[in-house]
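Visitor: The chain contents come next:
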Amino acid sequence: MTIVTGKAEARRKSQPGRSGALRNMWEHRADYAYVLPAIAVMLVVIAYPIYYTIELSFYKTPPGLQLRDKTFIGFDNYTTILTSEVFWKVTWNTLIWTFGSTFISFVLGFATALALHRDFVGRGILRAILIIPWVISAVAASYIWKWIYHSDFGIIGAVLVGLGLTDRPPNFIDNVSTVLPALIVVNIWREFPFAMIMMMAGLQTVPDQLLRAAKVDGANAWQRFWHVTFPHLRNVSVVTILLLAVANFNSFIIPWIMTAGGPSNASHIWITHIYELAFGRQRWGVASAYSVLLFLILMMLGYFYVRALSGNERKEGGA
Amino acid sequence: MTRIMLGSAVLRGTVVGVLAASLMSTSALGAPPVDLSKWSPEYVRSIAGTQEFDTAGDCGKVTPLDYKGRLTFWYQGVFEGDPDLLRQYYKDFFETFRKTYPNIQLEEQALTYNDLLDKFRTALLGNAAPMAVRLQILGGTEFASKGYLQPLKPEDVGYSTEDFWPGAMKAVTWDGVTYGIPTNNETMAFIWNADIFKRAGLDPDKAPATWDDVVKYSKQIHDKLGIAGYGLVARKNAGNTPYRFMPQLWAYGGGVFDEATANPTYKEVELDSPQSKAALQASYDMYVRDKSVPVSALTNQQADNQPLFVAGQLGMMISHPSDYNVMLDLQAKATGTDKEKAQTVIDNMRYGLIPTGPDGKRAVVFGGSNIHILKPEYVEGGKVDEPAAKAIICMWTSPEWSLKMAYAGSNPGNLNGFKTKWMKERLDHIKFLDVTTSMLPYGIPFPALPESPEIMNIIVPDMLQNALTGAMTVDQAADDAAKKVKDLMGGL
Numbered sequence: 000m001t002i003v004t005g006k007a008e009a010r011r012k013s014q015p016g017r018s019g020a021l022r023n024m025w026e027h028r029a030d031y032a033y034v035l036p037a038i039a040v041m042l043v044v045i046a047y048p049i050y051y052t053i054e055l056s057f058y059k060t061p062p063g064l065q066l067r068d069k070t071f072i073g074f075d076n077y078t079t080i081l082t083s084e085v086f087w088k089v090t091w092n093t094l095i096w097t098f099g100s101t102f103i104s105f106v107l108g109f110a111t112a113l114a115l116h117r118d119f120v121g122r123g124i125l126r127a128i129l130i131i132p133w134v135i136s137a138v139a140a141s142y143i144w145k146w147i148y149h150s151d152f153g154i155i156g157a158v159l160v161g162l163g164l165t166d167r168p169p170n171f172i173d174n175v176s177t178v179l180p181a182l183i184v185v186n187i188w189r190e191f192p193f194a195m196i197m198m199m200a201g202l203q204t205v206p207d208q209l210l211r212a213a214k215v216d217g218a219n220a221w222q223r224f225w226h227v228t229f230p231h232l233r234n235v236s237v238v239t240i241l242l243l244a245v246a247n248f249n250s251f252i253i254p255w256i257m258t259a260g261g262p263s264n265a266s267h268i269w270i271t272h273i274y275e276l277a278f279g280r281q282r283w284g285v286a287s288a289y290s291v292l293l294f295l296i297l298m299m300l301g302y303f304y305v306r307a308l309s310g311n312e313r314k315e316g317g318a
Numbered sequence: 000m001t002r003i004m005l006g007s008a009v010l011r012g013t014v015v016g017v018l019a020a021s022l023m024s025t026s027a028l029g030a031p032p033v034d035l036s037k038w039s040p041e042y043v044r045s046i047a048g049t050q051e052f053d054t055a056g057d058c059g060k061v062t063p064l065d066y067k068g069r070l071t072f073w074y075q076g077v078f079e080g081d082p083d084l085l086r087q088y089y090k091d092f093f094e095t096f097r098k099t100y101p102n103i104q105l106e107e108q109a110l111t112y113n114d115l116l117d118k119f120r121t122a123l124l125g126n127a128a129p130m131a132v133r134l135q136i137l138g139g140t141e142f143a144s145k146g147y148l149q150p151l152k153p154e155d156v157g158y159s160t161e162d163f164w165p166g167a168m169k170a171v172t173w174d175g176v177t178y179g180i181p182t183n184n185e186t187m188a189f190i191w192n193a194d195i196f197k198r199a200g201l202d203p204d205k206a207p208a209t210w211d212d213v214v215k216y217s218k219q220i221h222d223k224l225g226i227a228g229y230g231l232v233a234r235k236n237a238g239n240t241p242y243r244f245m246p247q248l249w250a251y252g253g254g255v256f257d258e259a260t261a262n263p264t265y266k267e268v269e270l271d272s273p274q275s276k277a278a279l280q281a282s283y284d285m286y287v288r289d290k291s292v293p294v295s296a297l298t299n300q301q302a303d304n305q306p307l308f309v310a311g312q313l314g315m316m317i318s319h320p321s322d323y324n325v326m327l328d329l330q331a332k333a334t335g336t337d338k339e340k341a342q343t344v345i346d347n348m349r350y351g352l353i354p355t356g357p358d359g360k361r362a363v364v365f366g367g368s369n370i371h372i373l374k375p376e377y378v379e380g381g382k383v384d385e386p387a388a389k390a391i392i393c394m395w396t397s398p399e400w401s402l403k404m405a406y407a408g409s410n411p412g413n414l415n416g417f418k419t420k421w422m423k424e425r426l427d428h429i430k431f432l433d434v435t436t437s438m439l440p441y442g443i444p445f446p447a448l449p450e451s452p453e454i455m456n457i458i459v460p461d462m463l464q465n466a467l468t469g470a471m472t473v474d475q476a477a478d479d480a481a482k483k484v485k486d487l488m489g490g491l
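So the protein sequences, as listed, match chains D and H. One point on numbering: in numbering that gives the first Met the number 0, the residue at position 177 of the first sequence is 176, and numbering is uninterrupted. One point on numbering: in numbering that gives the first Met the number 0, the residue at position 353 of the second sequence is 352, and numbering is uninterrupted.
So that you can see chain D by itself, here it is in the shape it has in the complex:
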């Protein structure tokens, strides 16, 4: 006769063995069946391309041959990338692009959200207007901005010349020094409404009674913001920043349409460079290695994003 203590039984229940896990799955077979189609689709459209990209990154794919004629070269593509001058230039551009766009979009979006949080006449209309850049197609926006910036006949140039502030229209996108900041401005213009919406939603969650209590206690506007509002927005801020950062790392349309990475590679960021390597120059192996590196970076950001979300859930659940 076996005597099972209550403690041992609890341990067995909390650490199910293989048969326990299978039993558990069997008991929840209906749940698995519901998610199976989604998992199957993800395996086909996400998992396989990721696997194939990783595999391809270990092969040399000469542009003059078909892809099936590739040759295994181990980590050579990664070595080639990390030792090339272009990689560091493009990486630097990507960092400026991502951090510049993300940080300024967030600050601007947050500031706008705070301004729109107060009740004033026309607030609804203003909110709708400010969302427009976000809902406009990025392709259309890129073409519009290309003409706004046009180095010979752009609107900005015409206004500045008209006001007598400059003799010639300023050269924004045909200049290696100014092209990236100019593109970042366009990106911010398109993205800050997203940050604004997220932060406006976050502001709704700040308890009014806390703000009123702080006011009664003599806290000034800055102190109320810093000690009451901001702590409540910390998690939504992290999520917003991470989402913006991921979107910016992957942002292709604006730089590609406006400058195609030029002039002289000054506006090439990782994603445009990968596109050119793969589809323009057919270096599938090198482009795949770049993509794997980009994937790792984005996975890292994704990890922090999930952590931030679970932090929110724990907090909301009172854990």
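No lab work stands behind these hints, which were simulated from the structure alone. Among the hints, a few may not be true.
[Stated by the list, open to error] Calculated pairs, BS3-like style, for lysine-lysine (alpha carbon to alpha carbon, straight line, at most 27 angstroms):
1. H:Lys374 with D:Lys69
2. D:Lys59 with H:Lys145
3. H:Lys169 with H:Lys152
4. H:Lys90 with H:Lys423
5. H:Lys169 with H:Lys205
6. H:Lys340 with D:Lys145
7. D:Lys69 with H:Lys266
8. H:Lys118 with D:Lys69
9. D:Lys145 with H:Lys169
10. H:Lys423 with D:Lys69
11. D:Lys88 with H:Lys482
12. H:Lys152 with H:Lys118
13. H:Lys374 with D:Lys59
The hints should help you fit chain H onto chain D, whose structure is shown.
Guide: Frame of chain D, contents of chain H only:
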């Protein structure tokens, strides 16, 4: 509008020279339907409208008109820089094809010049290509060398090889096998605004004779009138860039390889030669030293130059005869005083031969497009309906349609197109056609190498941008580009 009389220079130029010999050599190919050795504007005019062709009848012999099948077909179609006239002809072609072959289910897709190669390459990787494709002249060799295309020669669709430009046939030949048929072939010409020339103190009826003159004229126009002189184009990944820079490079005696010689071997890279550097220096002088060209040249395509030209803000550019029709289209869309200004520009639009280099060498890109059939294993569904593919190829490369589809901007790939009544009509309706046609003998095909698209669309524009932005000196930019080509050819 004053028509520029080309005079004896054209006649001389059309029958002599190494380039002409390279392009028109018929010794190995037998007799073409038109006498290429007599090529001149007058000769072209004399043969126009001298022969009737029955397109449906001819193609019916290749693929019966009641044939039942299905065809997927991608083609480089019209884009924003093309005139409305061309759009109508494309529409007419597909309507006519459907009427002629009512039982062929045609699924066609038009793509722009700059998008087609990328999309086609991607489709090939996934074995999802169309059954037939019409590609820019630059692309044929790349895909033939990789084994994606089926052998296809004019004889397979009822024509003979001699019906097509020998230079164009080179671009569809790889390792001695023909993999496609030319649909159209083109050479551009030099365009200027006579009114701007006059106001800048230049002879309004005389094009710059040399590229050095272009640099001088551009500066003079800019200095006197404050507008851009020459419509430089240096955008990356855009076909317009090599089409405008290569004539300059070749005229100075340079080249990527020896493609400008009669029998190119493509062995030695010449982008870093003193002649190539001189050509790059000319662009540098206009953009950086004189600031006499649009600042936006680094992001511009020819479609961006057209509105500048019609607005009277640009003195000179290189383009097709179709640009005259584009100006008419733009003028029709203008309102108020803009309409009058545009009319003044159109009245003062002049076409001439592309300038020569310091040694009298004149060159232009021998461009165009070819049509191909894919191998079944790379096609969606794994099957190619060959009779259906041959039906559309026969029709597109027929004298009638190869002329009509090139009506405003190009020339028929099938030389018999020059004999049709539509050619006669076209000579009367399309201004300056004789000028661009006169440039054909100076045409140099891009190197018939699989690496050509990367060289022309990426390496050459990069070289220009590196020099023009000051990222590198002219010497460094040329050396860097030469190294990139050497690495590319070495398989790196």
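Visitor: Work down the list of hints and note, for each, if the structure agrees.
Guide: Taking the hints in turn, this is what the structure says about them:
1. H:Lys374 with D:Lys69: holds (20 angstroms)
2. D:Lys59 with H:Lys145: This hinted pair holds, its Cα atoms lying about 16 angstroms apart.
3. H:Lys169 with H:Lys152: holds (12 angstroms)
4. H:Lys90 with H:Lys423: With a Cα-Cα distance of about 22 angstroms, the restraint between Lys90 (chain H) and Lys423 (chain H) holds, given a limit of 27 angstroms.
5. H:Lys169 with H:Lys205: violated (35 angstroms)
6. H:Lys340 with D:Lys145: Measuring from Cα to Cα gives roughly 25 angstroms; hence the hint holds.
7. D:Lys69 with H:Lys266: Within the cut-off at roughly 25 angstroms; holds.
8. H:Lys118 with D:Lys69: Between Lys118 (chain H) and Lys69 (chain D) the Cα gap is close to 21 angstroms, so the pair holds against 27 angstroms.
9. D:Lys145 with H:Lys169: Between Lys145 (chain D) and Lys169 (chain H) the Cα gap is close to 39 angstroms, so the pair fails against 27 angstroms, i.e. violated.
10. H:Lys423 with D:Lys69: violated (52 angstroms)
11. D:Lys88 with H:Lys482: Holds: Lys88 (chain D) and Lys482 (chain H) sit about 19 angstroms apart, inside 27 angstroms.
12. H:Lys152 with H:Lys118: Holds. Lys152 (chain H) to Lys118 (chain H) sits at ~25 angstroms (cutoff 27 angstroms).
13. H:Lys374 with D:Lys59: Between Lys374 (chain H) and Lys59 (chain D) the Cα gap is close to 25 angstroms, so the pair holds against 27 angstroms.
Hint compliance for this structure: hints 5, 9 and 10 are not met, and every other hint is.
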